[in-house]
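Combine the two chains into a complex, taking the hints into account.
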Amino acid sequence: MKRILAIVGRDITSGKRDFIYAYIMIVPFVMALVLKAIIPGVDSTTINIAVLDTLEPQLIEYLDEFAKVKEFETVQDIRVRVSKTDDYLGLVKKDDKYNIISQNNESEGSYDFLELIVNSYQKDLYIFPIDIEITDSGWKLHPLKQQGANFLIIFTTVFGGMLILLSLVEEKMSNTLSAINVSPASKFEFIIGKSILGLTIPIVGIFGILLIIGFEGINYLMVLVVSISLSFISMIIGFVIGIMNDEPISAIASMKMIFIPVMGSVFGAMYLSEKLMPFLYWSPFYWAYEAMNSIILNEATWPMIFKNCSIIIFITVLVFILLKNRIKRGLN
Amino acid sequence: MIKVKGLYHSYSNDDKYAVKDANFEIKKGEVFGFLGPSGAGKSTTQGVLTGLLPIQKGEVTIAGYDIRNPKKEMFNLIGVSFEQSNVYDKLTAYENLNFYRKLFDVKTRKPKELLELVGLDHVANKKAGEFSKGMKHRLTFIRSMINNPIIWFLDEPTTGLDPAIASEIKEIIKKEKEKGVTIFLTTHNMYVADELCDRIAFIIDGEIKLIDSPRNLKLKYGKKLVEVEHFENDILKKESLSLIEPKDKARLNDIITAGNIEIMHTKEATLEEIFIKVTGKELK
Ligand SMILES: Nc1ncnc2c1ncn2[C@@H]1O[C@H](COP(=O)(O)OP(=O)(O)OP(=O)(O)O)[C@@H](O)[C@H]1O
Ligand SMILES: [Mg+2]
Numbered sequence: 000m001k002r003i004l005a006i007v008g009r010d011i012t013s014g015k016r017d018f019i020y021a022y023i024m025i026v027p028f029v030m031a032l033v034l035k036a037i038i039p040g041v042d043s044t045t046i047n048i049a050v051l052d053t054l055e056p057q058l059i060e061y062l063d064e065f066a067k068v069k070e071f072e073t074v075q076d077i078r079v080r081v082s083k084t085d086d087y088l089g090l091v092k093k094d095d096k097y098n099i100i101s102q103n104n105e106s107e108g109s110y111d112f113l114e115l116i117v118n119s120y121q122k123d124l125y126i127f128p129i130d131i132e133i134t135d136s137g138w139k140l141h142p143l144k145q146q147g148a149n150f151l152i153i154f155t156t157v158f159g160g161m162l163i164l165l166s167l168v169e170e171k172m173s174n175t176l177s178a179i180n181v182s183p184a185s186k187f188e189f190i191i192g193k194s195i196l197g198l199t200i201p202i203v204g205i206f207g208i209l210l211i212i213g214f215e216g217i218n219y220l221m222v223l224v225v226s227i228s229l230s231f232i233s234m235i236i237g238f239v240i241g242i243m244n245d246e247p248i249s250a251i252a253s254m255k256m257i258f259i260p261v262m263g264s265v266f267g268a269m270y271l272s273e274k275l276m277p278f279l280y281w282s283p284f285y286w287a288y289e290a291m292n293s294i295i296l297n298e299a300t301w302p303m304i305f306k307n308c309s310i311i312i313f314i315t316v317l318v319f320i321l322l323k324n325r326i327k328r329g330l331n
Numbered sequence: 000m001i002k003v004k005g006l007y008h009s010y011s012n013d014d015k016y017a018v019k020d021a022n023f024e025i026k027k028g029e030v031f032g033f034l035g036p037s038g039a040g041k042s043t044t045q046g047v048l049t050g051l052l053p054i055q056k057g058e059v060t061i062a063g064y065d066i067r068n069p070k071k072e073m074f075n076l077i078g079v080s081f082e083q084s085n086v087y088d089k090l091t092a093y094e095n096l097n098f099y100r101k102l103f104d105v106k107t108r109k110p111k112e113l114l115e116l117v118g119l120d121h122v123a124n125k126k127a128g129e130f131s132k133g134m135k136h137r138l139t140f141i142r143s144m145i146n147n148p149i150i151w152f153l154d155e156p157t158t159g160l161d162p163a164i165a166s167e168i169k170e171i172i173k174k175e176k177e178k179g180v181t182i183f184l185t186t187h188n189m190y191v192a193d194e195l196c197d198r199i200a201f202i203i204d205g206e207i208k209l210i211d212s213p214r215n216l217k218l219k220y221g222k223k224l225v226e227v228e229h230f231e232n233d234i235l236k237k238e239s240l241s242l243i244e245p246k247d248k249a250r251l252n253d254i255i256t257a258g259n260i261e262i263m264h265t266k267e268a269t270l271e272e273i274f275i276k277v278t279g280k281e282l283k
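Residue numbers (numbering that gives the first Met the number 0), protein chains in the order written: chain A, 0 to 331; chain B, 0 to 283.
Extracted from the complex, chain B is given alone in its bound form (with noise of 0.2 Å):
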């Protein structure tokens, strides 16, 4: 459903890319994870994907559609959400909505009928600009289901709700994934990638470091990670050593040598690890 062959984004239009040489394919009804810290290019990405931002270099197909020329028909197939939430604040709720559904030439969804579904039904007929962040990032989310989407665009979905709220709205990402959806899906928040996706990219800098599913990433790195807890200098130090990567291997030979271990224990890696050992960065 998504083709992305060497695409490069500068926002200044010189060879300082905010994304470089980004190749991979999302096939119908799977939901594809960019997993990044700040900055990496997640939704300078998203932003060629869906035609707001120009695509300078590299090909993008979208359901078939070139990119480079978007047509009406596209958009009728395709839902964005965005990072920061998008609605007018004078407009109600509701009117926001209804709003929006009537410039697509598709069957689109009941406004009423979404906002049950966030739980923003009580406030349907209040002002946007009223509204909490999170019900405005709500908003801003079923907004870009009310076509029935057959690829969606989430940038950062969960990012910002409170628990409750997060786990609501990912229910409805599962749900929808069901009906076959494919989705596209950015996030810096290593739990929502593992829960929701098929497969995952590790972007880092704009460079695609990895992709592969979450159960193949945690059987790669994870089953083989010691965690352990020693003195060096009088001082407690915990560390989590791959005994794959022989830097890992020497300095768990360095520590063992020395023999100041008080607890060391073999674990499951976290995606959030596995991110730091394929991509040397934190995920924040």
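If we strip away everything but chain A, and leave its shape as in the complex, we get (with noise of 0.2 Å):
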């Protein structure tokens, strides 16, 4: 234990003196920030509503229970404000008739919610639960939101690997792992040690990332045990990329290879039907990314957890299984 935390240790002295491992951890960070600000607004709980100052009272206050009203003096500027990127509809009466004027970027909740009301307010359905609350559960994602937040959380765990990767070719470089070698450490000491950094970096990403999008009322429990699971893959990553290769210009050469896979099976979770599934079930990115989806969409069950990490987990007990002579080798 004592080793284990020295080699920790080790590792964060030496990569606060490093810029490259100050860019891994703030890049999600950054990413999820821009990710969050091209967002439209969709998790505000309230609909935004852009009218005429014209428009009749009664109805104005109607859409007031429901949404944030904002009455505006032409129609012109109506359209400028529901032009900009946040979520805003506006509502204008041409001829008797309600338009709806959107600019497609908003959920499309929001809009079959505004018909709703507009629908139940001309019927004269005021039966309308009135403190009805709109909250993410119920309401498909906005895609931008959904997506690019788990595309970002499995990006974040390949970072993790990253470092794994850039400390363990930094021992190798230095030949630093052969002084090591001949301490009383192990093997095993020095594989979680090297891996500890790489596991909880993405963790706290992970929850960072979920925390500045904004996820109301998501499993947080489930996400720390995805995220745990999910840096598994990091260490697969970071171990096999980092044996294979002794210096960093080959390493990052690989690293971009893993890529490929990562972005295959995240895709491929994304876009293909349900028949081509099968065909990512070797992928834990495809676990992961399906683990993660379900728990953002509050879908998630605990047995459905429960499986995608457990196989997480034994796809990378089997690589390490399939590896362990390389990795030995590797460490040498």
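Don't take each hint at face value.
Listed next, the in silico DSSO-like pairs over lysine-lysine satisfying Cα-Cα at most 30 Å (straight line) [to be verified]: (1) B/K70 / A/K186; (2) A/K1 / B/K111; (3) A/K15 / B/K56; (4) A/K15 / B/K89; (5) B/K15 / A/K323; (6) B/K15 / A/K327; (7) B/K56 / A/K323; (8) B/K89 / A/K186; (9) B/K89 / A/K171; (10) A/K323 / B/K71.
Ranges between beta-carbon positions, derived for each pair [unchecked claim]: (11) B/G5 / A/P277: 53 to 59 Å; (12) A/M172 / B/E72: 27 to 33 Å; (13) B/E194 / A/M0: 40 to 46 Å; (14) B/K174 / A/S185: 30 to 36 Å.
To give an idea of the interface, some chain B residues facing chain A are shown, with a C-beta separation under 8 Å as derived from the structure [claimed, not checked]: (15) T49; (16) Y87; (17) D88; (18) K89; (19) Y99; (20) K101; (21) L102.
To be clear, the hints were calculated from the coordinates, so they are not data collected in a lab. In this text, a Cβ means the ideal position worked out from N, Cα and C, and glycines have one as well.
Here it is, written out as structure tokens:
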């Protein structure tokens, strides 16, 4: 234990002096902020509606119960307001008919919801529950938010693997590995010590991403469980590439190669039809994506989370067993 | 403390051996030198002895531990200094030692004390990456003694250092020897071998040609050495010839018969000359 901590401590000291480490740690948060800025504000529990100040007061009052209503003087003003990136819908009355002005970047839900409110108003359906609350649950998330966040999370994991990789290559390049090999530290302690940063940093990153982008009401315990098994993937990446490469240039080249299966399985999971999914079963990234996706959509169940995490860990262990000798040799 | 029997090692796992049939034993408190030219197999031998290279053929025990399955306990007892310095560039000298120290279960020496020993205390907080070659080498050297090893492996401990620092290092080695530390040392410098070692193994092309104490070697080969300067085809030639080896004796006979001798005297052989005599190769 003492030795494992020493190895982790050394990695931290060393990492603090290397801008690549800082870069790898900060990038997920920056990307999350960027993503948040471009996602229309779907997470506001109310819908924003721009109307003309000439609209009948009853409707404004009615809308006000479900949404934030803002009055504008001209239709042009409304159009300008709606065209901003956030989730704003316009409602104008033309010859007794209501038209919704949208920009197509608003979540489908908002549009449908406004339509529903207006319809219920027109049909005098005042039975509409007044205290309705619109949360993410039950709504399909904005795809940018759902898939963007998920994608970022998987990449954060890959970045964690990169940390392990860099630290392994550093040990090999400077041959400090030999000094460790003639100390009482075992291979096992070395591997665990080297992995800890690569395991914890993605977990912090994942929580950071989810909090920055903002997902209310998701099960954070599930997030933690999935994050832990996700970070096992970073261990595979780090060790497998780290062991096969002796210097940073080739390691980074291999790292780029690893992005292909990552992208492949994540995009596959997003866009392939159900029938083709079995072709992705080999990929731990697929299972991770699927689990994270269901958490974000608030559809996850514990059995499903456990199933996916077990598969990820099983694949990790399998890879380690298959490469056991190679890893041992690589660490000599 | 160290027992080596029938040790072979091939990097290519075939019969191109870097070390061939090495046999020797090192007693407690002994300084045992591996003397040989570059590529002789000195570092390879140390690599196998310290468990860094897999043992392919033969038997090695270190302090009673079979090197085939090295134990944590064994690594607590040994110290290894490397030919090529290997320290963390991004860590300071102090941090390098302090990290390494934490890997041991036995009492360790204070980094500061070790840094003072080799005159690195003033750069204790400088990153090792900014060190000169000699400074890195000294750091690698002191790191190997942090756990107070009872068996100490030193691969070329003085090579590449300026004479003043080299002699400091030699003093440190002598002090540890006085404490009873068993030392395995490789070098291609015969002065170092002569000065520090109780026994020396001459190694060439992976084979140990001879093992003896410097004193015995000099007694056996040294006293009977004649240095002649003579003209041969009008060119002045200088030769050292043994009075034991038949080949040399015949050669000396020829020179005397030719009668163009300028200077001739007997002298004590250096280990280097003995090395050349025994192995037929130079120590370079
Ligand atoms: N990693 C390696 N892979 C393949 N061959 C090697 C390796 N290291 C050394 N050799 C070969 O093994 C032989 C012995 O090398 P070794 O390093 O043991 O010599 P040495 O006596 O320590 O020399 P030096 O004085 O230059 O350090 C040499 O022929 C060398 O080319
Ligand atoms: Mg060598």
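Comparing the hints with the structure gives:
1. B/K70 / A/K186: holds (12 Å)
2. A/K1 / B/K111: Roughly 21 Å between the alpha carbons, so the hint for A/K1 and B/K111 holds.
3. A/K15 / B/K56: violated (44 Å)
4. A/K15 / B/K89: Holds: A/K15 and B/K89 sit about 9 Å apart, inside 30 Å.
5. B/K15 / A/K323: holds (28 Å)
6. B/K15 / A/K327: Measuring from Cα to Cα gives roughly 24 Å; hence the hint holds.
7. B/K56 / A/K323: Holds - the C-alpha atoms of A/K323 and B/K56 are around 23 Å apart, at most 30 Å.
8. B/K89 / A/K186: Distance ~23 Å between B/K89 and A/K186 Cα, so the pair holds.
9. B/K89 / A/K171: holds (14 Å)
10. A/K323 / B/K71: holds (21 Å)
11. B/G5 / A/P277: 53 to 59 Å: At 56 Å between Cβs, range holds.
12. A/M172 / B/E72: 27 to 33 Å: holds (30 Å)
13. B/E194 / A/M0: 40 to 46 Å: Because 44 Å falls inside the window, the suggested range holds.
14. B/K174 / A/S185: 30 to 36 Å: holds (32 Å)
15. T49: Since chain A brings a Cβ to about 5 Å from B/T49, closer than 8 Å, the hint holds.
16. Y87: holds (6 Å)
17. D88: Hint on B/D88: holds, closest Cβ of chain A at ~6 Å, below 8 Å.
18. K89: With Cβ-Cβ at 5 Å, under 8 Å, it holds.
19. Y99: holds (7 Å)
20. K101: holds (4 Å)
21. L102: Holds. Min distance 4 Å.
In the structure shown, a violation is registered for the earlier hint numbered 3 alone.
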